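Q: Protein chains in written order, with my numbering: chain X, 1 to 367; chain E, 1 to 367.
These are computed hints drawn from the structure, not numbers from a lab.
Among the hints, erroneous ones may be present.
Computed list of lysine-lysine pairs in DSSO-like fashion (alpha-carbon distance at most 30 Å, straight line) [to be verified]:
#1 E:K36 x X:K180
#2 X:K325 x E:K36
#3 X:K242 x X:K180
Covered stretches of chain E (in silico footprint by chain X; criterion: 3 or more residues with CB under 8 Å from a CB of chain X, positions within the stretch not fixed) [stated by the list, open to error]:
#4 32-39
#5 65-79
#6 234-245
#7 343-350
Note that this is a predicted model, so its numbers are computed, not measured.
Just so you know, even glycine gets a beta-carbon here, dropped at the ideal spot from N, CA and C.
2 protein chains.
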Amino acid sequence: MSNSNIHITYKVHSSDDIESRAEALMLEQAVELPRKAITDPWTQENILGEILSIEDTHDGDHHVTIAHPWRTSANDAAQLLNVIFGNSSLQPDVLVEHISLPEEGLEMLGGPQLGISGIREKLSVQSRALTCTALKPMGLTPDKMAELCRTFALGGIDIIKDDHGLADHEFCPFKERVEKCFEAAQKASEETGKKVIYSPNLLGTPSAVLEQFEFCRSLGVDMVMLEPMLTGMPLMHEIVQKADGIAILAHPAFAGALRMSQVAQLGQLFRWYGADGVIYPHFGGRFAYSEEACRDLSEELRKPYPGLPPAFPVPAGGIKTSRVKEILNFYGPNTMLLIGGSLLEAGDQLLDRTREFVDQVAKVSAE
Amino acid sequence: MSNSNIHITYKVHSSDDIESRAEALMLEQAVELPRKAITDPWTQENILGEILSIEDTHDGDHHVTIAHPWRTSANDAAQLLNVIFGNSSLQPDVLVEHISLPEEGLEMLGGPQLGISGIREKLSVQSRALTCTALKPMGLTPDKMAELCRTFALGGIDIIKDDHGLADHEFCPFKERVEKCFEAAQKASEETGKKVIYSPNLLGTPSAVLEQFEFCRSLGVDMVMLEPMLTGMPLMHEIVQKADGIAILAHPAFAGALRMSQVAQLGQLFRWYGADGVIYPHFGGRFAYSEEACRDLSEELRKPYPGLPPAFPVPAGGIKTSRVKEILNFYGPNTMLLIGGSLLEAGDQLLDRTREFVDQVAKVSAE
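Chain X with its partners taken away, still in its complex shape:
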């Protein structure tokens, strides 16, 4: 076997003999046949994977690390997911813990185009943590969304994103919403002298999303948001190839419960497939990610890989403004902090609440 392999570490919870279980897992992910049914010599030598290690976790599980030749992926962003977790995802005793790609894998995927430094450059914010908020609820007209966008921009937010549920609604059509919000952000930016990024949500069939993307490009939008688990990771990969300076924010909608560790799914795959920032639920909010998962995920997103810019961790999910200091101490300044509901609850005091959030982030980052 060549050195050019994908390594995948699975956590296996099996009462079967672990060697046989590991062998079955390896076969399932590429040839999908018992070993004795592989009679073709080229396939035996060039396609069949290998079990690299089996480690007892001492809590009844095993870590099984399997190598598959990179060529099984067909150098293709969709087929790679098949090799990692196509059929085995249907087996409840298996969890993807960690993936490691050979150099040509990272090169094929390419990862974020801008990453942390590219987004910082767009905003001219060199060292402090970034602030992010969301336009919602669904149901507002484009004019009301634009007004909300203006308030957030005047309040000093760095990145104002659409809620992930904002689609091409009859009561709030995509183009009208995006045009008005983008204009509102630009105008507020001229007034305050502070750069702000408005990030529209792209959602629909792939052809609709690609059209929405071109529309955003024609307006001069700096960043778009995608839900890779809902519209497909291969679509995100395709868009990144055409992005040409437009940053990608990845939202985890529909991602839940795919039996992968958060590190593998959001930390590794989302970044490798091109996200410049990855939104995820911070622990202690209304989602059940653990403190350890959040730490590991954020570290993975910023971990050095050859040729791959680091991406922003974007903790979110019911974060109260009172937690800014605690959270930035946890993550450090290369973080984009996303607070939505906790600002919008302020009602008439929205501008003030927004300014407080922005000031707190600046203050904590300067400490």
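Since chain X is already given, all that's left is putting chain E on it; use the hints.
A: Below, chain E alone, put in the same frame as chain X:
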């Protein structure tokens, strides 16, 4: 609220007060804000969902049924998934059990174009169960794949599909493979006088898949296979709109462990999004679907809905030829039985083993 609602039944395993948990779940899936932060009257009246019922399952869980106005879906195949299980999929105490769509929902999605009767018509097989097998392992050249395809076709199989891991590999390029296998199937069909369908696997970024689809159309292919969870359910929806008589077979790769019941995910969504047949692991094989899940799923796929043709259940996953009778007794004749590995294990005896499989299905169906 109008009568035009999406109803979703979630199984909730929560130690919190169930009324509050249900309210939070309802808010999460559309407005994603606390109720007090929804100040816009139009949104309150036209977007906010409603809790229809909360039922104690008497095993520590609750069934919570929530109605969301259809308009929250933006009449969009991607946004609908957000409404059903966008953010809540990240919450480990929630499982989607069942979905019911209003008439305009089924009309927008459209479901299978051909369904059971359309596929039967293509094959001129009116009442017996259908036979299906897979071309594998990955690693064979296009010529060897075509030879395998020919053997299966001579053996009398109805549908010969690519393995889901067959992508556009350097050692087995998509176009060459599809051309040769299609031709081999056609030629064998002329010799035997029995119609056979070869179903290529479409895999890649959305634009690549759409190109592959057009290539298949130009050849005259009758059926293609997709992995909707890997390349996106919205892509399947887009392809079905253009299908024009080409049937769609849906493969469950990467589907696992998305916290939805098999009935909701594979039985309802896959069919509604356009699959004419849905492959899934039959119980007792190497995947852990239960007998009950398999029965419910197969019934759901064939259940009458206004304007929606029934789709074939395609049980698979390590089925031995010796189980044909048992399985067809379980599912009845409106079934496409997929056996791959158990045929390929026959080595030199492949043609004979294939014929046995085909004969058994005909015999059991005639009983």
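Q: Look at each hint and say if it fits the structure.
A: Verification of the supplied hints:
1. Proposed proximity of K36 (chain E) and K180 (chain X) is supported: the alpha carbons are some 26 Å apart, at most 30 Å.
2. A C-alpha spacing of about 26 Å is found between K325 (chain X) and K36 (chain E), which places the hinted pair at or below 30 Å, so the restraint holds.
3. Taken as a hint, the K242 (chain X) and K180 (chain X) pair is honoured in the structure, with Cα atoms around 24 Å apart against an allowance of 30 Å.
4. Counting residues of the segment 32-39 of chain E whose beta-carbon sits less than 8 Å from any beta-carbon of chain X gives 7, enough to reach three: the coverage restraint holds.
5. Judged by the Cβ-Cβ criterion of 8 Å, the segment 65-79 of chain E is covered by chain X as claimed, because 9 of its residues qualify and three suffice.
6. Under the rule that three or more residues need a Cβ within less than 8 Å of chain X, the assignment of the segment 234-245 of chain E holds, with 4 such residues.
7. Against chain X, the segment 343-350 of chain E contributes 3 residues with a C-beta closer than 8 Å to a partner C-beta. That satisfies the three-residue criterion, and the hint holds.
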